[in-house]
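> Input sequences plus hints: build the corresponding full structure.
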Amino acid sequence: MNTPAHHPQCPDGDAARQGLHPLFRPRSVAIIGMSGKPGSAGQVVLGNLVRGGFPGDVYLVGRSGGHIDGREVFTDVAQLPELLDLAILMLPAEAVLEALRGCVARRVRAAVCFASGFAEMGEEGRALQREIAEVARAGGMTLMGPNTVGYFNYVDAFYVMMVELVLPPRLDPAAGPAVAVAAQSGGIGAHIAASLQARGVPISYMMTTGNEAQVGLAEMISFFADDPHTGAVVVYAEQIRSASGFLAAARSARAKGKAVVLLHPGRSEQSQASAASHTGALAGNHAAMRLAVSHAGVLVADSLEEVIDLGQLLLRFPQAPTGGLGLVTASGALCGIAQDYVEPLGLALPPLASAQVEVLRSHLPAYTPPRNPLDLGTLAGWKPELIGLGTAAVLADPAVGSVVVSMPMPEPQASVRWLQSFLDGTADSSKPAIFVMQNEDVALDPAFIALARRSGTIVMRSPERALRALASVTRFGRDRAMAVVPSGQAAPALQALPVLGTGTQAEWVGKQVLRAMGIRTPEGALATGPGEAVRIADRIGYPVVMKAQAATLAHKSEAGGVLLGIRDEAAVRAAWRQLHDNVAAADAGLVLDGVLVEAMGDRGLELVVGATRDAQWGPILMVGLGGIWVEALGDVQLLAPDLSVAAIVERLHRLKAAKLLTGFRGTPPVDLEAVAEVVAALGQFMLAHPHISEVDINPLVAYAAGKGVIALDALVVTHESGAA
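Each residue of the sequence shown is one higher than the last, beginning at 2 in the working numbering.
The hints are simulated quantities; they were obtained by calculation from the structure and are not laboratory data.
By construction, the Cβ of each residue, glycine as well, lies at the ideal position given by its N, Cα and C atoms.
Just so you know, not all the hints are guaranteed correct.
Computed Cβ-Cβ distance ranges for the label pairs, DEER-style [what the hints assert, rightly or not]: (1) Ala448 with Pro39: 42 to 48 Å; (2) Gly123 with Glu99: 18 to 24 Å; (3) Arg372 with Val443: 25 to 31 Å; (4) His192 with Asp603: 54 to 60 Å; (5) Gly123 with Leu305: 24 to 30 Å; (6) Leu305 with Leu168: 22 to 28 Å; (7) Glu306 with Ala526: 31 to 37 Å; (8) Leu305 with Ala497: 50 to 56 Å; (9) Ala349 with Leu305: 24 to 30 Å; (10) Ala354 with Asp603: 30 to 36 Å; (11) Glu721 with Asp173: 53 to 59 Å; (12) Ala448 with Thr379: 21 to 27 Å.
Here it is as C-alpha cells:
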C-alpha cells in the first residue's frame, strides 16, 4: 500500500472552507472498528467499497488485529499513516471521542460516524455530540454524522453504507444533470433516491446527514450547487439547524439554475416530537421556516410523494411556469374531475386563444370541440397523431404554462405510438409537460419505458399527482416572479421615531411608531388629567373614544379600559373617572401613563396586520381578517418582509375571505393598495430595526378604494431598548 500524498490542512478547521471532497471522493480510507467476524458491520462497509471498485488505499483498524481479505488490521489508530482522506468509524458512541482524537493526531481530513447515542438521547448525548464536534473542528477535520446511515456517490461509485448493497448503477455522464438527495433520515433518503431511479431519473448523490454535529444540509446544498453532475437537489429535513447557512446555500443553488425541493415535517406537535427523538433536533417555527425558505427560492413539498414528483419535474424543467394548465385527454370524465381538482390548488384551465382554436379546428372533426381541456375521446386510438397536434396547440397558447396529457392504458404497441406523438407535440416547447399513463396498477410496456427514458419524458401513473405537481411549481413560479421589490419602488422614508424601552409599549407609544412609518392613526393625544382630556376632545371634535394607557395593560377592553361614543365635556370627565375605577378594580397597583383621547373612526372592513421576529428565521409578516375573526377563523397570509406592493395585493386575494375585500353584497371594494402599502412599510421597518420583536395592528380599518386605511390599535414589543 502506498503512503497517501500530502493534502494541505485548513488552518482554522472550518469545514466549509476545507470542503467536502474528502467525504465524497477520497483517495484513501480507514475503516476503524473492524471485526474479524464475517458479516460484521465493518466487513459490510469494506465489501461495499471493494465491490464498488474504490481505487484508493484502504486501511483497517480493529482491536483483534490480524488480516481481512489480505489487508493488515492495525490495533491502534496511531498506526495509520498521516494525512488520510477519510475515516469511517464503526464504533459505539462511547468509543467515538477517543477515535476522533486519534484521527486528528494523524491529521485525517474527514470522518463519518454511524453511531447513535448522541443528541437524540437527551442532554448527556448532546454534550457528547458537542464534544466530538469541537474535537473535529479544532483538528481541521470534516465530520459527517453521528447517527447517519451513510451515503452514495453515484458519480464515482463510492458507497459508504452499513448494509450490504445491491450496488446501484454508476451515474452515466451522458445522462445529463442528475438529482442529488440530502436527508436527515437514511430511510427517507434511500426511498427518495430509489423512487427516482425507478422512474429513470439519474441520481448523483444520496447523503444522509444524521444529527449534523458539524456538517449539515447547508454544506450539502452548497456542494451540490457547485457540482457539475447535479441539476436539482431534493432535501428531507427534520430540523434546519443553520437558518442563515441553509438560506445562503439555497440562494446559491437557485442562482446557478438548480432547483431545491424540501420536505420538512413538523406542522403538528406530534411530528416535532418525533423529529426530536430521531436526531435530537429541537422543534423550530415550522411556518416561519416555510416562509423563509420559500422566499429564498426553495419549493416546499407537502408530502413524500410530492417531493419525489417535484424533484423529477424541476430537474427536467428548472424554470417554474407562471401560466395556467393545459389538459389533453381521451376521457371526458377526466376533464370534469380535473376542473374540480385544480380549483382548490389555485391553478386554472384557461380558455384557448382564437389562434389555437383555429389550429385545432383544422385537425379535429366537428363533434370534437377545440378547447381546454381537450377531450380527444376515441380519436386518440385510431389517430394517435392528434395527441401530438393537440399538445402542441395547447402548449403554444400564451396563457398556458404547462400541460398534462393523460391517457387510459391502451394496447402495449399503441402506448409507444401515443408517447411518440406526445414527444412530437412537445418538441418545440420548453414548458413543463407530463405524460400520464393511467391504469397505474397495470405494468407499462418495456418499449414504452425505454422510449420514455431515452427522451427524458416525465411519466406519471396518476393524473392527480401530475396536476398537484404542476400546481405546486406554478404557484412557486408565480411567487418567485412577484417576490422581489422592483428597483423603482423605494422604501418608505421614516420620520423621527421615539426612544423605546424594553418590552411591551403602551398603545400611545406604538401609534407614534406607526405614524413615523406613514401609517395613519386617529387624530388625538395622550391626556394626563381630565382637563387635558376635555381640551383634546374639544380640539378633535366629538364623539371620541377614551382608552386607559399603560404598557402592562395588554387587554384594555377586558379591564374596562376602553369607552366609546363620548359626546361632550361632561361625558369626558365621567369617562375619566370610570376608566380609572375600572382599571383599579382589575389591577389595584397599576399606574396609568394617562388616557388616550381619539376621534371615533368611520366603520370599514377590519383587518389585522402584524409582524414578529423569529429568532432563527427573522421577520415574518401576517395579514388577515381583523378583530375577533383572526382568532376565530385564522384566515391569514404569512408574508416575507421585503415583498413588493403588487405581490402583497396578490396574496390578499388568497385569503379565504377575499370576497369581502373585492366587494360583497353591496359593499364597495376596499383600498387594497393602501392595505398593501401598510404591510410593505411594516416589513421595511422590521428589516431596518432588529431590536423590534413584534408589531400588531388590530384592527387596521380599510375603507373603499381610494379612501385609504386607518390603524385603530397598535402593539409594539422590543427585546432591547433604544431608538426605533
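> Hint by hint, say whether it matches the structure.
We went through each hint and held it up to the structure:
1. Between Ala448 and Pro39 the Cβ separation comes to about 44 Å, which falls inside the hinted range of 42 to 48 Å.
2. One distance hint, 18 to 24 Å for the beta-carbon pair Gly123 and Glu99, holds here, with the actual separation near 22 Å.
3. Distance hint check for Arg372 and Val443: the Cβ-Cβ separation is about 29 Å, which falls inside the suggested range of 25 to 31 Å.
4. A beta carbon spacing of about 58 Å between His192 and Asp603 agrees with the range 54 to 60 Å that was offered as a hint.
5. Look at Gly123 against Leu305: about 28 Å separates their beta carbons, and that is inside 24 to 30 Å.
6. Leu305 and Leu168 have their C-beta atoms about 25 Å apart, which keeps the hinted 22 to 28 Å range intact.
7. Range check, Glu306 to Ala526: about 59 Å between beta-carbon atoms, so the 31 to 37 Å window is missed.
8. The beta-carbon spacing between Leu305 and Ala497, approximately 53 Å, falls within the hinted interval of 50 to 56 Å.
9. Ala349 and Leu305 have their C-beta atoms about 27 Å apart, which keeps the hinted 24 to 30 Å range intact.
10. The given range of 30 to 36 Å is broken by Ala354 and Asp603, whose C-beta atoms sit roughly 45 Å from each other.
11. Checking the proposed 53 to 59 Å range against Glu721 and Asp173 shows it holds: the Cβ atoms sit about 57 Å from each other.
12. Judged by the Cβ atoms, the range 21 to 27 Å given for Ala448 and Thr379 holds: they are separated by roughly 23 Å.
Violation of the numbered hints given earlier is confined to hints 7, 10; the remaining hints are satisfied by the structure.
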